[in-house]
Amino acid sequence: MTVVDLSSTSVRELNQALHDLDPQTGEKRWRVLNPRGLHAIAVGLNVPIEIEIDGHVGYYCAGMNKLATVRINGNAATGVGENMMSGEIRVAGDASQCAGATGRGGLLVIDGNASARCGISMKGIDIVVKGSVGHMSAFMGQAGTLVVLGDAGEGFGDSLFEARLYVRGTVHGLGADCIEKPMKDEHKAELRAKLDAAGIGGEVDVSEFRRYGSARQLYHFNVDNVY
Amino acid sequence: MCGIAGLFLKNESLEPELGGLLAGMLGTLCDRGPDSAGFAVYGATQKGRVKLTLRVPADADVAAVEQALSDATGGKASVTVRNSHLLVALPEDSEQAVRKLLASRFPEVDVVSFGRRIEMYKDMGRPDRVAERFGLASMSGSHAIGHTRMATESAVTTSGAHPFTTGPDQCLVHNGSLSNHNLMRRRLIREGIRFETENDTEVAAGYLAWRMQSGDSLGEALEGALSDIDGFYTFVVGTEHGFGVLRDPIACKPAVMAETDDYVAFGSEFRALADLPGIEKARVWEPEPAKVYFWERPHDGR
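As given, the protein sequences belong to chains A and B, one line each in that order. Just so you know, the first sequence maps onto residues 1 to 227 in the working numbering. Just so you know, the second sequence maps onto residues 1 to 302 in the working numbering.
Isolated chain B, as found in the complex (with noise of 0.2 Å):
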């Protein structure tokens, strides 16, 4: 089943509540997928430094992790605790040395995101706890997107939760299931796509982040998608300036759009949207199938 929540706020005065918002879409959505979940906020940027979100196991040691961190950016690395999960921020120059140093030291440090705006937190468990432990009620930003798991094409770990990371201040989540990943997966790493679980979804992110690294705009590789991954898909990916929905040509997984003037906002069904300021006006309506929408902020072409 699943449940995806997607909010991209157009009324910049609402930013502060866009965690508490998206936690109350992701409560909702917890009957649709109560085994796991997770979120990615695109919130404030800060002039030459890019973010990190680390996945720590519950053995490892932050404090050494944090003082490596310290280390190799001379001092410049802000480090935020959220439960398991560590937020980085750090001089852009810095970024490959702190990759590699995590990789050679702290292999067992997973890098769930990187980029200007990107945070991401993903966990087991009933999607309204996970969102309670790590404070996404408090987050604010300028969208954000989330997923409740109900597990069917893989393990229910913390790693088969989603989003999937597809590049930089890139994410996709995913509702339904691929039938040609495997196939999928052995083609992408061919090409050099590395994939860390065997899951179908990390799939279609490892496929989106190959065309777009092969110079396809996001647009363009949402596209390709439709020809080339086959199986029951809702997709929602988020980007720096905003967010994206595919829905399979089929079109058996839920998808409910509503827009008004301060917003747009994307549930599985339109329980997860009924909370919101001003829905009771919203202009409501079905995303339609193999339709490539899209919706961004006016940016400087970053």
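Okay, chain A solo, but in the shape it has when bound (with noise of 0.2 Å):
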């Protein structure tokens, strides 16, 4: 295992390292030590490799993530795996503000809550955030799947296009054009399919769930709105 201390190495010379691995690369597990919060950690992965960070993290942890398993053994800044392509981050605490913000791939799991924003313009990611999320999550989601276990806030799946939204708890407020739908045995399925990528299928039942979706309203385009 490779073991980097930020405490001694910059960001900067940490991701740099993490780019210029070869996609073959040996050094398959890292380590990050003393993160204390610093600004894009890995970000920009292009690498099939493991890697574990000690403590809290700033802005855009593991952003743009490609193929790369990012864990996070602390609480995560705005923008956690923003952006991400592919590979799977997990939050062992709490995600800040716009976790998964336009990912386009990829796994995003939170152990914690996630703060406003969560999967905003989400475009095929994946997220199960284990406990709730803030206000305007999913927001012009349009595509990939937001799984939350807790409760929603205001404005859930405001301006949605097709990205599919799962809540067990409560939701606090619909945004425009997100509406509940029935949830059919494909839904379970599919919901089944992400709790267990989560790892956590055995112990959560589908069929206390919630589906959400675009009443697609809003994004077609309607003459009658021309003014």
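Honestly, the hints are just simulated from the structure, not real lab data. Heads up, the beta-carbon is just placed ideally off N, CA and C, and yes, glycines get one too. One or more hints might be untrue.
[Unchecked claim] Chain A regions said to be covered by chain B (calculated; three or more residues, Cβ under 8 Å):
(1) 26 to 38
(2) 75 to 81
(3) 93 to 100
[As the list claims (entries may be wrong)] Pair ranges (Cβ atoms, derived):
(4) A/Q217 / B/G219: 28 to 34 Å
(5) A/G150 / B/R190: 45 to 51 Å
(6) A/G150 / B/S179: 30 to 36 Å
(7) B/E259 / A/M183: 36 to 42 Å
(8) A/S7 / B/D261: 24 to 30 Å
[Stated by the list, open to error] Anything over 12 Å on all C-beta distances counts as not near chain A; from chain B, calculated:
(9) S13
(10) E17
(11) T28
(12) D35
(13) N83
(14) R129
(15) A155
(16) V156
(17) D262
Hey, can you piece these two chains together into the complex? The hints should help.
Shown next as structure tokens:
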């Protein structure tokens, strides 16, 4: 295992070392110590490695991730996993706003709560939040799934496109054009697959969830709206 | 952008370290607000006395101010010079006379803060250097609030630096920008509140002062701010016995809190909290939008 201590190595040096890795690298396991809320740790990875970060991280941790598995043993600030393409990010604590924003693929699992705008403009990412999400989550979500085991704040799914939203707790208010939809077998199967991927399929009953999606009134061109 | 740091000690044995800890937090937040900085420290009380922090322009005659303060209080004023500011402790019953004297003879001297415990210092420049200039690291007290400013709504001036005073032993710092501050300023001026700058945060401070003068508690005033003040904000307010936090309902502006048995700390980012003692075992969380948080020490109800 390669260990990098951010109290003696800069984030730039760490990220450069990770970017310099060959896709066939034998250095498969990395550990980062003393992140101390620093920004942009492990962004832009493009190799199938596992990296564990011991502590709270700052903005945009593991942003644009491809292929790598990133585990954060602490809280994550704004934009964890933003625009991730593939791979996996797990946050052992809470995530601040805009977790998984614009993500195109991969899996983001948050053990605690995520605050406002979780999954904003998501484009294919799968997000599983074991706690609750704040207001305006999945705003303008285009594709992918957001699974919330707790509650969702106000304006949930506002201006939604085709992202699929599953919530077990209370939704404190749906955003414009977001509606509850029937939970059919195909949706239960999809939800179970996401929970399995997050490693909690055995503990959670999919029948406790409600499904939300777009009413498709807002994003279709409607000639009556011309003015 | 701007940065906010706040530290409220529950463990009295940490009090001598308060200034040092806050200086470290402000230093980390330099990159969120490099153009000016300020801080309020709640230090020891002196029975029957109040403290005024005065800001004296570079060309003013400090000796003449000191002499006038001494004359107005029968020699009972004590003055500590800290760079461009004077910390003056004087008997409670002489405060009004001293204020009148300052206003008439030394209109160029600003009263930055007043109260039984608050001391407040602010200046332009990099926050770590501002803290050093005033000797923040050597200050002690029960709680303190600091701010690093990246100006957006008004000019970079010392008057535009935070904190702003909202009343005796009260202050406010702000990260964000308010959108209805001009309208609100005009309304508050009609209510008799005075303003010295074009700054939006001063309006928020004036609003809270006005609500509290009208009989609201700080909590009620902050609840009022949620409906009356429009814009982006994370506010941290200091009072004689504690501090409070309020984020606007949209909550774009960052906020992180940490609590241990010894303290409650606020930072715009976790980086500002990373050097606090025992932080690795602290409960760290993000305050919720539109929710008033408040911590204070037990006190006699004053």
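Okay, the hints, checked on the actual structure:
Using a Cβ-Cβ cut-off of 8 Å, 3 residues of the region 26 to 38 of chain A lie near chain B, which meets the minimum of three, so the contact claim holds. Interface restraint, the region 75 to 81 of chain A with chain B: holds (3 residues with C-beta to C-beta distance below 8 Å; minimum three). Under the rule that three or more residues need a Cβ within less than 8 Å of chain B, the assignment of the region 93 to 100 of chain A holds, with 4 such residues. Under the hint 28 to 34 Å, the C-beta atoms of A/Q217 and B/G219, about 42 Å apart, miss the expected range.
Between A/G150 and B/R190 the Cβ separation comes to about 46 Å, which falls inside the hinted range of 45 to 51 Å. In this structure the hint that A/G150 and B/S179 lie 30 to 36 Å apart at CB holds, the actual value being about 32 Å. Between B/E259 and A/M183 the beta carbons are some 39 Å apart, a value that agrees with the proposed interval 36 to 42 Å. In this structure the hint that A/S7 and B/D261 lie 24 to 30 Å apart at CB holds, the actual value being about 25 Å.
The claim that B/S13 lies off the interface holds: its Cβ sits roughly 25 Å from the closest Cβ of chain A, which is beyond the 12 Å cut-off. Its beta-carbon lying about 19 Å from the closest one in chain A, B/E17 satisfies the requirement of being farther than 12 Å from that chain. Residue-level check failed: B/T28 sits 9 Å from the nearest beta carbon of chain A, not beyond 12 Å. No Cβ of chain A comes within 12 Å of the Cβ of B/D35; the nearest lies about 21 Å off, and the non-interface call holds.
Residue-level check passed: B/N83 sits 31 Å from the nearest beta carbon of chain A, beyond 12 Å. With a cut of 12 Å on Cβ distances, B/R129 stays outside the contact zone with chain A, its closest approach being about 23 Å. Non-interface status of B/A155 relative to chain A is upheld: no Cβ of that chain comes within 12 Å, the nearest being about 29 Å off. Its beta-carbon lying about 25 Å from the closest one in chain A, B/V156 satisfies the requirement of being farther than 12 Å from that chain.
Remark: the non-interface label on B/D262 is consistent with the geometry, its nearest Cβ contact in chain A lying 19 Å away (cut-off 12 Å).
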